[in-house]
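A.B. asks: Could you put the whole structure together from the sequences, leaning on the hints where they help?
Protein chains: 2
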Amino acid sequence: MTREKKRIRQSLLIDYVKSKPFFTDEELAKLLNVSIQTIRLDRLELGIPELRERVKQLAEATQKKVKSISSSEVSGELLELELGKSGISLMNITEDMVFEKTKIAKGAYMFAQANSLALALIDAPMAVTGVANIKYKAPVRVGDKLIAKAELKHKRGNKFFVWVKIKNVTEEVFRAKFILVSLEDNGGSEV
Amino acid sequence: MTREKKRIRQSLLIDYVKSKPFFTDEELAKLLNVSIQTIRLDRLELGIPELRERVKQLAEATQKKVKSISSSEVSGELLELELGKSGISLMNITEDMVFEKTKIAKGAYMFAQANSLALALIDAPMAVTGVANIKYKAPVRVGDKLIAKAELKHKRGNKFFVWVKIKNVTEEVFRAKFILVSLEDNGGSEV
Chain P
1 MTREKKRIRQ SLLIDYVKSK PFFTDEELAK LLNVSIQTIR LDRLELGIPE LRERVKQLAE
61 ATQKKVKSIS SSEVSGELLE LELGKSGISL MNITEDMVFE KTKIAKGAYM FAQANSLALA
121 LIDAPMAVTG VANIKYKAPV RVGDKLIAKA ELKHKRGNKF FVWVKIKNVT EEVFRAKFIL
181 VSLEDNGGSE V
Chain W
192 MTREKKRIRQ SLLIDYVKSK PFFTDEELAK LLNVSIQTIR LDRLELGIPE LRERVKQLAE
252 ATQKKVKSIS SSEVSGELLE LELGKSGISL MNITEDMVFE KTKIAKGAYM FAQANSLALA
312 LIDAPMAVTG VANIKYKAPV RVGDKLIAKA ELKHKRGNKF FVWVKIKNVT EEVFRAKFIL
372 VSLEDNGGSE V
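As given, the protein sequences belong to chains P and W, one line each in that order.
Going by this note's numbering, the first sequence opens with residue 1, and the numbers climb by one from there.
Going by this note's numbering, the second sequence opens with residue 192, and the numbers climb by one from there.
Please keep in mind that the hints were generated in silico from the structure rather than gathered at the bench.
Treat each hint with caution, since some may be false.
Here are the in silico distance ranges between beta carbons for each label pair [what the hints assert, rightly or not]:
| no. | chain 1 | residue 1 | chain 2 | residue 2 | range |
| --- | --- | --- | --- | --- | --- |
| 1 | P | Glu82 | W | His345 | 35 to 45 Å |
| 2 | W | Lys256 | P | Ser35 | 49 to 59 Å |
| 3 | W | Lys196 | P | Lys103 | 55 to 65 Å |
| 4 | W | Glu363 | P | Asp15 | 44 to 54 Å |
| 5 | P | Ile14 | W | Asp314 | 52 to 62 Å |
Where is the CB? At the ideal position from N, CA and C, for every residue including glycine.
C.D. replies: If you want it as structure tokens, here you go:
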């Protein structure tokens with residue numbers, strides 16, 4: 001019975017790590033209703049690397065897919081990318097990213113994370129931003145880990161409509177709708 | 192007659208430099224339909240410093256007015272500020288601000304210029320961004336000098352509606368509408 005339970009739990013753990021690769025051991029423990037120690041042991045047994053290593057592996061594999069901009073120009077770490085479809089990035093908020101007075105992260109950083117992720121998912125040799133509609137929903141502070149998810153909603157001619165949502169753990173802190181424009185590969189023509 | 196002409200020209204020059212403090216000698220020469228050399232001599236006679244010095248003087252005097260954020264947090268140089276009303280800033284586009292592939296300035300820089308200028312004109316101890324609607328109208332490249340003008344359109348409770356337009360010389364390259372929210376001075380409460 002216990003062995004059966006363990007088998008089910010480990011199979012669920014494998015699924016979770018695949019679908020939510022940036023969950024911490026603590027979050028995985030909560031999801032599976034076991035102790036953090038159990039998760040660690042399961043990971044060891046199953047050969048699942050720790051969170052930091054998982055993020056690094058994902059980022060390295062994902063970077064190579066970017067076409068429309070240089071992969072180093074994506075703010076934060078690019079964790080997932082399906083060209084022409086969707087992307088996910090992670091950005092850690094550090095001391096230098098917040099306003100001195102409010103200690104709240106400068107809006108330009110979330111903008112850059114969302115905007116560069118939106119551009120990264122465009123399946124064209126080059127692309128630029130045309131329009132952005134943005135909502136800041138909750139303040140972001142030092143130490144926060146922001147997960148941005150971008151999705152291509154539709155495409156008309158050389159215009160790409162991309163929606164991006166940024167979450168701080170489970171709380172949505174930012175959302176943006178972009179219209180991006182792909183360019184011909186001739187060294188930067190007019191938009 | 193020539194003396195009269197010179198008197199009128201110099202009086203116009205004084206007005207222009209006051210109303211358009213970031214016009215180059217070349218632009219002033221065109222405006223007054225004289226040679227650049229004439230403008231330089233007029234400036235010398237009238238004790239009007241060169242453009243770079245004028246910008247520096249303006250920026251130093253203006254920075255002291257900022258309340259809602261630290262003046263060093265305004266992107267580019269803050270040239271004019273009327274708290275609760277309007278502001279002007281200048282940003283030079285350098286090599287590190289453009290995308291590698293397109294050589295077009297990253298949208299996040301214009302966003303930061305506009306956003307920080309909009310925040311700077313808020314007459315409150317602290318403010319954050321709530322909403323932004325943005326349009327990129329023309330590509331910006333290395334060497335471009337961007338003049339952003341922000342204007343408080345109206346205010347409702349603790350919400351400030353600020354419009355920002357950025358021009359590259361005479362061409363409008365960017366416009367944004369922000370809704371900013373002023374905060375109580377208690378060290379960063381929820382928005």
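A.B. asks: Against each hint, give a clear statement of whether it holds in the structure.
C.D. replies: Hints versus structure:
1. For P:Glu82 and W:His345, the hinted distance range of 35 to 45 Å is satisfied, since their beta carbons lie about 43 Å from each other.
2. For W:Lys256 paired with P:Ser35, a C-beta distance near 56 Å keeps the hint of 49 to 59 Å intact.
3. Roughly 59 Å separates the CB atoms of W:Lys196 and P:Lys103, a value that falls within the hinted 55 to 65 Å.
4. Checked against the given bound of 44 to 54 Å, the beta carbons of W:Glu363 and P:Asp15, roughly 51 Å apart, stay inside it.
5. Between P:Ile14 and W:Asp314 the beta carbon distance is about 56 Å. The supplied range of 52 to 62 Å therefore holds.
Consistency with the previously given hints is maintained throughout, with no hint failing.
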